[in-house]
Amino acid sequence: MGQIIEKFQGKDWKEKQIRKISNKVFDRVKGDAGRPNLTFEELYIGVLLVYNDLNKRLPGPHFDPPTREQVKDLMKESDVNLDGVLDREEFVKFIRHITKDAFFTVSQGLIVALVAAPTVALLTKRTTENVPGIGNVVQKIPNSVYASLVTLVIVAFQQGAERS
Numbered sequence: 001m002g003q004i005i006e007k008f009q010g011k012d013w014k015e016k017q018i019r020k021i022s023n024k025v026f027d028r029v030k031g032d033a034g035r036p037n038l039t040f041e042e043l044y045i046g047v048l049l050v051y052n053d054l055n056k057r058l059p060g061p062h063f064d065p066p067t068r069e070q071v072k073d074l075m076k077e078s079d080v081n082l083d084g085v086l087d088r089e090e091f092v093k094f095i096r097h098i099t100k101d102a103f104f105t106v107s108q109g110l111i112v113a114l115v116a117a118p119t120v121a122l123l124t125k126r127t128t129e130n131v132p133g134i135g136n137v138v139q140k141i142p143n144s145v146y147a148s149l150v151t152l153v154i155v156a157f158q159q160g161a162e163r164s
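At position 94 of the sequence shown the residue is numbered 94 (the UniProt record's numbering), and the sequence of numbers has no breaks.
It is possible that some hints are incorrect.
With beta-carbon atoms standing in for the labels, derived distance ranges [said to hold, decoys possible]: (1) F157 with T67: 27 to 37 Å; (2) T67 with L122: 42 to 52 Å; (3) T128 with N23: 26 to 36 Å; (4) N81 with L149: 52 to 62 Å; (5) R68 with R28: 11 to 21 Å.
No more than 30 Å apart at the CA atoms, straight line, and that leaves these computed lysine-lysine pairs for BS3-like [unchecked claim]: (6) K56 with K14; (7) K56 with K125; (8) K140 with K100; (9) K93 with K30; (10) K140 with K125; (11) K100 with K125; (12) K72 with K20; (13) K30 with K16; (14) K100 with K56; (15) K20 with K30; (16) K100 with K72; (17) K24 with K93; (18) K56 with K24; (19) K20 with K100; (20) K56 with K72; (21) K72 with K125; (22) K93 with K125; (23) K24 with K100; (24) K100 with K14; (25) K24 with K14; (26) K100 with K30.
It should be emphasised that the hints constitute simulated quantities derived from the structure, not laboratory data. A quick note: this is a predicted structure, and the numbers were derived from the prediction, not measured. Cβ coordinates follow ideal geometry from the N, Cα and C atoms, glycine included.
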């Protein structure tokens, strides 16, 4: 339960996830080079790895990585000391910048699934009161169970629409 609550703490959770992904990718791409910085080619490989992780782990649509030209432009913006390579902190800033849209899209989907869906469920339960046969069955189901069932159906439809 604590993990679920932690995910809804907003910026702290998001920042931890970005830092964790960035550190993992930075270390993997840097490898045994012995340099504390990433060149453009290493950076682009890192971007592809980050987007691969995002697409595997985050619910929602597939996120396309930025093009090589976009990465070059963003690298120039993130390169604070203007040395043509990114150190670990510059890389974290870079990753934060390129992933902000993905996290925004995912958070919108979670709001719909966790707030709007149960509200819609309870409203539809009230409208079924006068439907012969179905109304009596629906009214016997506890609100929490009914809201959970409708939420699962809505999430299933969302995922089906995203796969299409």
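### Whether the CB-CB distance between T128 and N23 falls inside 26 to 36 Å
This hint is violated: roughly 51 Å between Cβ atoms.
### Task
Assess, step by step, whether the Cα of K24 is no farther than 30 Å from the Cα of K100, and give holds or violated.
holds (18 Å)
### Query
Quick one, are K56 and K72 close enough, alpha carbons at most 30 Å?
Distance of about 25 Å is within 30 Å: holds.
### Query
Taken at face value, is the distance from the CA of K14 to the CA of K56 at most 30 Å?
holds (16 Å)
### Query
K100 and K14: Cα distance at most 30 Å?
Since the Cα atoms of K100 and K14 sit roughly 10 Å apart, the hinted pair holds (cutoff 30 Å).
### Task
Given the hint that K56 pairs with K24, test it: the Cα-Cα distance must not exceed 30 Å.
holds (15 Å)
### Restraint check for K30 with K16, where alpha carbons must lie at most 30 Å apart
This hinted pair holds, its Cα atoms lying about 21 Å apart.
### Task
For the pair supplied as a hint, K140 and K100, confirm whether the alpha-carbon distance does not exceed 30 Å.
violated (44 Å)
### Task
May I ask you to test the hint 11 to 21 Å on the CB atoms belonging to R68 and R28?
Cβ of R68 to Cβ of R28: about 20 Å, so the range 11 to 21 Å holds.
### Task
Please work out if K24 and K14 have their alpha carbons no farther apart than 30 Å.
Judged against 30 Å, a Cα distance of about 15 Å means the pair holds.
### Task
Decide if the proposed pair is consistent with the structure: K93 and K125, CA atoms, cutoff 30 Å inclusive.
violated (47 Å)
### Given hint K30 paired with K93 - CA-CA distance at most 30 Å
Judged against 30 Å, a Cα distance of about 17 Å means the pair holds.
Hints 3, 7, 8, 11, 21, 22 from the earlier list are contradicted by this structure; the remaining hints agree with it.
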